[in-house]
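Peer 1: Chains as they are written, first to last, in this note's numbering: chain G, 350 to 643; chain V, 350 to 643; chain P, 350 to 643.
These aren't lab readings, by the way, just hints derived from the structure by calculation.
Some hints could be false.
Pairs count within a copy or across copies, as identical chains cannot be separated in the list.
[Said to hold, decoys possible] Straight line, CA to CA, 25 Å or less: simulated BS3-like cross-link-like pairs of lysine-lysine:
1. K457 to K624
2. K601 to K624
3. K601 to K640
4. K443 to K457
5. K404 to K641
Just so it is clear, the structure is predicted and the values come from calculations on it, not from any experiment.
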Amino acid sequence: PVPPGVLPLCRQPPLWGRAPHVPPGLRLAPRRSFSNNKILVELDEGSGVATMKFKSPPVNSLSLEFLTEFCISLEKLENDRACRGVIITSTVPKIFSSGLDITEMCGKSTEHYAEFWRAVQETWLRLYGSTMVTVAAVNGSSPAGGCLLALSCDYRIMVENPKFSMGLNEAQLGIVAPFWFKDTFVNTVGHRIAERSLQLGSLHPAPEALKLGLVDELVPEEKLQEKAVAVMAQWLALPDHARQLTKSMMRKAVLDRLVAHREEDIQNFISFISKESIQKSLRMYMEMLKKKKS
Amino acid sequence: PVPPGVLPLCRQPPLWGRAPHVPPGLRLAPRRSFSNNKILVELDEGSGVATMKFKSPPVNSLSLEFLTEFCISLEKLENDRACRGVIITSTVPKIFSSGLDITEMCGKSTEHYAEFWRAVQETWLRLYGSTMVTVAAVNGSSPAGGCLLALSCDYRIMVENPKFSMGLNEAQLGIVAPFWFKDTFVNTVGHRIAERSLQLGSLHPAPEALKLGLVDELVPEEKLQEKAVAVMAQWLALPDHARQLTKSMMRKAVLDRLVAHREEDIQNFISFISKESIQKSLRMYMEMLKKKKS
Amino acid sequence: PVPPGVLPLCRQPPLWGRAPHVPPGLRLAPRRSFSNNKILVELDEGSGVATMKFKSPPVNSLSLEFLTEFCISLEKLENDRACRGVIITSTVPKIFSSGLDITEMCGKSTEHYAEFWRAVQETWLRLYGSTMVTVAAVNGSSPAGGCLLALSCDYRIMVENPKFSMGLNEAQLGIVAPFWFKDTFVNTVGHRIAERSLQLGSLHPAPEALKLGLVDELVPEEKLQEKAVAVMAQWLALPDHARQLTKSMMRKAVLDRLVAHREEDIQNFISFISKESIQKSLRMYMEMLKKKKS
Numbered sequence: 350p351v352p353p354g355v356l357p358l359c360r361q362p363p364l365w366g367r368a369p370h371v372p373p374g375l376r377l378a379p380r381r382s383f384s385n386n387k388i389l390v391e392l393d394e395g396s397g398v399a400t401m402k403f404k405s406p407p408v409n410s411l412s413l414e415f416l417t418e419f420c421i422s423l424e425k426l427e428n429d430r431a432c433r434g435v436i437i438t439s440t441v442p443k444i445f446s447s448g449l450d451i452t453e454m455c456g457k458s459t460e461h462y463a464e465f466w467r468a469v470q471e472t473w474l475r476l477y478g479s480t481m482v483t484v485a486a487v488n489g490s491s492p493a494g495g496c497l498l499a500l501s502c503d504y505r506i507m508v509e510n511p512k513f514s515m516g517l518n519e520a521q522l523g524i525v526a527p528f529w530f531k532d533t534f535v536n537t538v539g540h541r542i543a544e545r546s547l548q549l550g551s552l553h554p555a556p557e558a559l560k561l562g563l564v565d566e567l568v569p570e571e572k573l574q575e576k577a578v579a580v581m582a583q584w585l586a587l588p589d590h591a592r593q594l595t596k597s598m599m600r601k602a603v604l605d606r607l608v609a610h611r612e613e614d615i616q617n618f619i620s621f622i623s624k625e626s627i628q629k630s631l632r633m634y635m636e637m638l639k640k641k642k643s
Numbered sequence: 350p351v352p353p354g355v356l357p358l359c360r361q362p363p364l365w366g367r368a369p370h371v372p373p374g375l376r377l378a379p380r381r382s383f384s385n386n387k388i389l390v391e392l393d394e395g396s397g398v399a400t401m402k403f404k405s406p407p408v409n410s411l412s413l414e415f416l417t418e419f420c421i422s423l424e425k426l427e428n429d430r431a432c433r434g435v436i437i438t439s440t441v442p443k444i445f446s447s448g449l450d451i452t453e454m455c456g457k458s459t460e461h462y463a464e465f466w467r468a469v470q471e472t473w474l475r476l477y478g479s480t481m482v483t484v485a486a487v488n489g490s491s492p493a494g495g496c497l498l499a500l501s502c503d504y505r506i507m508v509e510n511p512k513f514s515m516g517l518n519e520a521q522l523g524i525v526a527p528f529w530f531k532d533t534f535v536n537t538v539g540h541r542i543a544e545r546s547l548q549l550g551s552l553h554p555a556p557e558a559l560k561l562g563l564v565d566e567l568v569p570e571e572k573l574q575e576k577a578v579a580v581m582a583q584w585l586a587l588p589d590h591a592r593q594l595t596k597s598m599m600r601k602a603v604l605d606r607l608v609a610h611r612e613e614d615i616q617n618f619i620s621f622i623s624k625e626s627i628q629k630s631l632r633m634y635m636e637m638l639k640k641k642k643s
Numbered sequence: 350p351v352p353p354g355v356l357p358l359c360r361q362p363p364l365w366g367r368a369p370h371v372p373p374g375l376r377l378a379p380r381r382s383f384s385n386n387k388i389l390v391e392l393d394e395g396s397g398v399a400t401m402k403f404k405s406p407p408v409n410s411l412s413l414e415f416l417t418e419f420c421i422s423l424e425k426l427e428n429d430r431a432c433r434g435v436i437i438t439s440t441v442p443k444i445f446s447s448g449l450d451i452t453e454m455c456g457k458s459t460e461h462y463a464e465f466w467r468a469v470q471e472t473w474l475r476l477y478g479s480t481m482v483t484v485a486a487v488n489g490s491s492p493a494g495g496c497l498l499a500l501s502c503d504y505r506i507m508v509e510n511p512k513f514s515m516g517l518n519e520a521q522l523g524i525v526a527p528f529w530f531k532d533t534f535v536n537t538v539g540h541r542i543a544e545r546s547l548q549l550g551s552l553h554p555a556p557e558a559l560k561l562g563l564v565d566e567l568v569p570e571e572k573l574q575e576k577a578v579a580v581m582a583q584w585l586a587l588p589d590h591a592r593q594l595t596k597s598m599m600r601k602a603v604l605d606r607l608v609a610h611r612e613e614d615i616q617n618f619i620s621f622i623s624k625e626s627i628q629k630s631l632r633m634y635m636e637m638l639k640k641k642k643s
């Protein structure tokens, strides 16, 4: 039975209303594979499993363009009856995703900040609330927003390389993870581990990420794809409807919290990110990254 | 001190009002042992410990009759000053309880569904909110509603046989565990393990049940009774009043949630279970069980 | 970005308003070290780390005088720009703190109970909500209120001696931990471990305290100070502002709950502690302690 107040995560329209920034013309009919600028999507119609491959070097940073493509791609799959599950992975060596693109948060207009933040929210609402089975095949480091993407999936498999790390390291940059990043983190690892990890802005190497429960298992890199497919098959063995209602029951409270505070959260982001002290520390961080790069 | 808004779980009447389906004539005076059709109850007045033995072969399924007996027996013990603790176990080999009786949910009237579901609710409210110390001596498999009974106790000891498994496997049958099954599960193993286990409808073999925290310890079958008695003695060493107030403080939020949504939950159950697609999948499941049996 | 409804834990005034029992004359200018009757405070202005040493033999019990000193000392440090972190430890061998002073709860006036309980609340609000990094260097046993002090810090290091134990053992004394003790416990170890430990009034020896997550690590006694300093340095490497906002995000819900129910909680304490049955069991407990001592 459906618990009171719990609505199913539904395909069309999604729980949180339609994404305002997805141009209707881009809602294509389902097809076997489509590639945009930043993400390659392949759908195996036999198994009903799509793979979304991040292909935005050097570090798959989550720019407004990337997030928009991500939302469009996910919506297409969500509406495609041939698709029941999505595997998310990266084609960039050593990096799953480096998280939010700092250039989107630096020296831009208030309007730009609002648009960008809405896209970040939309991405999480769609992925954390997806009716499809979502598996993260984490084949590289995954800080901040990259970690959020992985945590929003139903299952996480990480390459066992201890050089790859994962975590919400916002505090290291002098910024604060939004409450819904935190809620997602707490739902995954519990309150105490979250409290410590978020305050320290920790990036946990793969073995530690497994120990803390940030990921569900580690595999050698060459086994990652195979393992993701096997896990997906296990989850797809369940009847969709019962699995979806159960997922909604587990995640709806936290999804609803952002939906209820969405505009407020955007205003908070804008006022925080517009502070001169925050802008300065982000500029310094970017300088450091540039020097490191050259 | 009593935290605000937390009332003690009290003996008479229970927090959630009197059970509507317990005929007053059946509220017998306390005695050393009483046996109904489905459950044998033995009370050791020396130690103050009762044992409720499920004796409803082949699988101790939770029929309306079973649940009614369970509630009556528990109420008798609850009101019996000689009784401070209850051990729940099974006399049926290899099965603790197979969960809700599917025949009660298949091809029956709306009134029957309502009566049955109220009995399921009542069972959980009485057991999860019992003022007595409750210990589950799990000597067989314990899926779905059987798992709920075990999770509603204060402590769970399971026979270490890996052929015995436990879990809320509703999703496997195409149905969804009610929110209060989920709340009980989350309170026991945390959000992440619950999210994964409930979506997959997993049945965890005893060693895994221990690892996940579904049970508190494993023992060889021949040590089960002895262990249950020892654990009970440890819990009964505490002053009843302080222990009861503490138990209430930990469980009241989740109990109150069902009490507040009880009629809604019944209506949800009825409309869900009355769907032709659900009826069909339950009929198929029963056919499968029959074939397996013969 | 700051999540909606989450205010930073701020230095002056603290979130929960000013402490009514701190005489303004005692708010001294910062200095290197100050000692009152019960607590010695040393501030290393170079590192910005203060150490608060409990020096109230025989067992550092939390009397009204002790708690008042604690709040005054913490407020001084909180308002001192030279101080960013506090290490809490004991100078009394084998005891961190034995918890609330039972003599304050026995045979006193209603007014005294109210004043005492307000000081207990104030202590927790200030410590759990401190903007500073707080590290408990637990060098002895730490039952009840002593455990609460440790759990309210950001990090807990305990001496690995299995004779030292920690827990909320109120139920053993026939009393009940207040809901905010419980909330703090649950935030540290999760619901299930809390439910069991609080009902049994368990005191967990150091190795078990580590296993359950009550403390973060164990060290040999001679390494305790060094380890506390190293952990503090790790936490102080983070920008204060981001760390403080993150801490607030994690702890504010639970702090707010007491703030909202503070007077009610005091009334509950008074009516509970004034019961003759409770007074009797506390007197018996004190008798037992006296006999044990002599």
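Peer 1: Decide, hint by hint, whether the structure agrees.
Peer 2: Hints versus structure:
1. Proximity of K457 to K624 under the C-alpha cut-off of 25 Å is restricted to the intra-copy arrangement: shortest distance 12 Å within a copy versus 53 Å between copies.
2. Taking identical chains as interchangeable, the C-alpha atoms of K601 and K624 lie at most 25 Å apart only when they sit on different chains, with a minimum of 23 Å there against 33 Å within one chain.
3. For the homomeric pair K601 and K640, neither the shortest alpha-carbon distance inside one copy (43 Å) nor that between copies (39 Å) is at most 25 Å.
4. Taking identical chains as interchangeable, the C-alpha atoms of K443 and K457 are never at most 25 Å apart, the minima being 30 Å within one chain and 58 Å between chains.
5. Only within a single protomer do K404 and K641 lie at most 25 Å apart by alpha-carbon distance; the minimum there is 22 Å, versus 50 Å between protomers.
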